[in-house]
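K.L.:
Chains A and B, in that order, give the protein sequences. First residue of the first sequence? That's 27 in this note's numbering, and the numbers climb one at a time after it. First residue of the second sequence? That's 27 in this note's numbering, and the numbers climb one at a time after it.
Hints listed in this document are in silico derivations from the structure and should not be mistaken for laboratory results. Be a bit skeptical, because a hint or two may be false.
One copy or any two copies: either way a pair holds, since identical chains are not told apart in the list.
[To be verified] Below 20 Å or equal to it, Euclidean Cα-Cα: the simulated SDA-like pairs (lysine to any residue) are:
no.: 1; residue 1: Lys226; residue 2: Thr69
no.: 2; residue 1: Lys87; residue 2: Arg161
no.: 3; residue 1: Lys98; residue 2: Lys144
no.: 4; residue 1: Lys144; residue 2: Thr218
no.: 5; residue 1: Lys114; residue 2: Asn170
Just so it is clear, the structure is predicted and the values come from calculations on it, not from any experiment.
2 protein chains.
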Amino acid sequence: MKLNERGLLVVISGPSGVGKGTVRKALFEIEGHDLVYSISMTTRPPREGEVDGEDYYFVSKEEFERRIKEDKFLEYAEFVGNYYGTPKDKIDEQIDLGKEVVLEIEVQGALQVREKAKDGVFIFIAPPTKEALFRRLLRRGTENPKSIQNRMDKAEREFPLAHKYDYIVVNDEVTNAADRIIAIIRAEHAKTERAIYKYKEMLEVK
Amino acid sequence: MKLNERGLLVVISGPSGVGKGTVRKALFEIEGHDLVYSISMTTRPPREGEVDGEDYYFVSKEEFERRIKEDKFLEYAEFVGNYYGTPKDKIDEQIDLGKEVVLEIEVQGALQVREKAKDGVFIFIAPPTKEALFRRLLRRGTENPKSIQNRMDKAEREFPLAHKYDYIVVNDEVTNAADRIIAIIRAEHAKTERAIYKYKEMLEVK
Chain A
27 MKLNERGLLV
37 VISGPSGVGK
47 GTVRKALFEI
57 EGHDLVYSIS
67 MTTRPPREGE
77 VDGEDYYFVS
87 KEEFERRIKE
97 DKFLEYAEFV
107 GNYYGTPKDK
117 IDEQIDLGKE
127 VVLEIEVQGA
137 LQVREKAKDG
147 VFIFIAPPTK
157 EALFRRLLRR
167 GTENPKSIQN
177 RMDKAEREFP
187 LAHKYDYIVV
197 NDEVTNAADR
207 IIAIIRAEHA
217 KTERAIYKYK
227 EMLEVK
Chain B
27 MKLNERGLLV
37 VISGPSGVGK
47 GTVRKALFEI
57 EGHDLVYSIS
67 MTTRPPREGE
77 VDGEDYYFVS
87 KEEFERRIKE
97 DKFLEYAEFV
107 GNYYGTPKDK
117 IDEQIDLGKE
127 VVLEIEVQGA
137 LQVREKAKDG
147 VFIFIAPPTK
157 EALFRRLLRR
167 GTENPKSIQN
177 RMDKAEREFP
187 LAHKYDYIVV
197 NDEVTNAADR
207 IIAIIRAEHA
217 KTERAIYKYK
227 EMLEVK
């Protein structure tokens, strides 16, 4: 069924606290789909137990900067002296193997990726309400009131960017949200511009 | 969950013999979705046991022609002295109630509908191969060789029209095809241009 079919880049994004990670985890628990995580590349040294090509691709600063020049990142950023980026070529390899590459990323990063990955599927995870997001941030217990306020302010700035995404999936219930993402992936594969190439001869695409 | 959410017009089309009716039937057997059939309007008199508003909307020739003038059909045709058409207003009523209206129609009709129902979801049901279509027509047993040849010729002319549809669903296995259509319906509801209006206030749509 998946013969010769390319996978998709599926970008899962949304405000901090919306539950992106939980939705992504639930997504990977749904069987019958060939999902893989997008693995970031970094110049930070591996920590105890971290495996190259699994946790991160660990590279030198020189290699990272060479890759920047060669436009090999969908997005990258510097953070406390280390680079972190999403390597385009590594994702393409997986996609060519028919795998759906899932990239979980915050809103600004997603919009950078959008510039370079036109055929990616961009999903904005939204909370059911603003209040729900606020309560979720409170429930985490790891944030102080100031930090929660900062995150809410950031979310307020990010909500209007939802229109730049292809889909909006409300995280009302985690498995529900994950199911919707699976539906989106299936539908995207059936989109005419993708599906028609599988039936080139029969459907006479020039 | 469906509060205030409009339904979709889902047009299922494809060459004769591809199994549109079987797929549609399997679709209606999948639970948890608010699907209804699009009911045609006709000037043909009701047959024994046929119910107005269930089998067809039965109207007079005068009423049908008045409706044509008022542009109230998504498509219509005359067939052995009677009119048959797809009434736009009846479909809109159902859509406003949040129902997904499923219209099963041949290719030419679907392309007419497309002109008037820009926000409909158009799905081309394709056979796995041309040979599979041929074998399916043979298996029906109701057609003579000449008629089968005519249908195959028509299918050959219709395949290249697949690119005018939003999605191509291959009828490799009926429940599989029906599942894909459900995925398409779910994904279409999550599309940003539709979903954003549900979260207008939060996502600050102007």
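K.L.:
Work down the list of hints and note, for each, if the structure agrees.
P.N.:
Evaluated hints:
1. Proximity of Lys226 to Thr69 under the C-alpha cut-off of 20 Å is found in neither arrangement, the shortest distances being 43 Å within a copy and 41 Å between copies.
2. Neither within a single protomer nor between protomers do Lys87 and Arg161 lie at most 20 Å apart by alpha-carbon distance, with minima of 40 Å and 61 Å respectively.
3. When the C-alpha separation of Lys98 and Lys144 is checked against a cutoff of 20 Å, the pair qualifies only within one copy, where the shortest distance is 15 Å, while the shortest distance between copies is 39 Å.
4. Proximity of Lys144 to Thr218 under the C-alpha cut-off of 20 Å is found in both arrangements, the shortest distances being 16 Å within a copy and 16 Å between copies.
5. In the homo-oligomer, the alpha carbons of Lys114 and Asn170 never lie at most 20 Å apart, since the shortest distance is 36 Å inside one protomer and 56 Å across protomers.
Violation of the numbered hints given earlier is confined to hints 1, 2 and 5; the remaining hints are satisfied by the structure.
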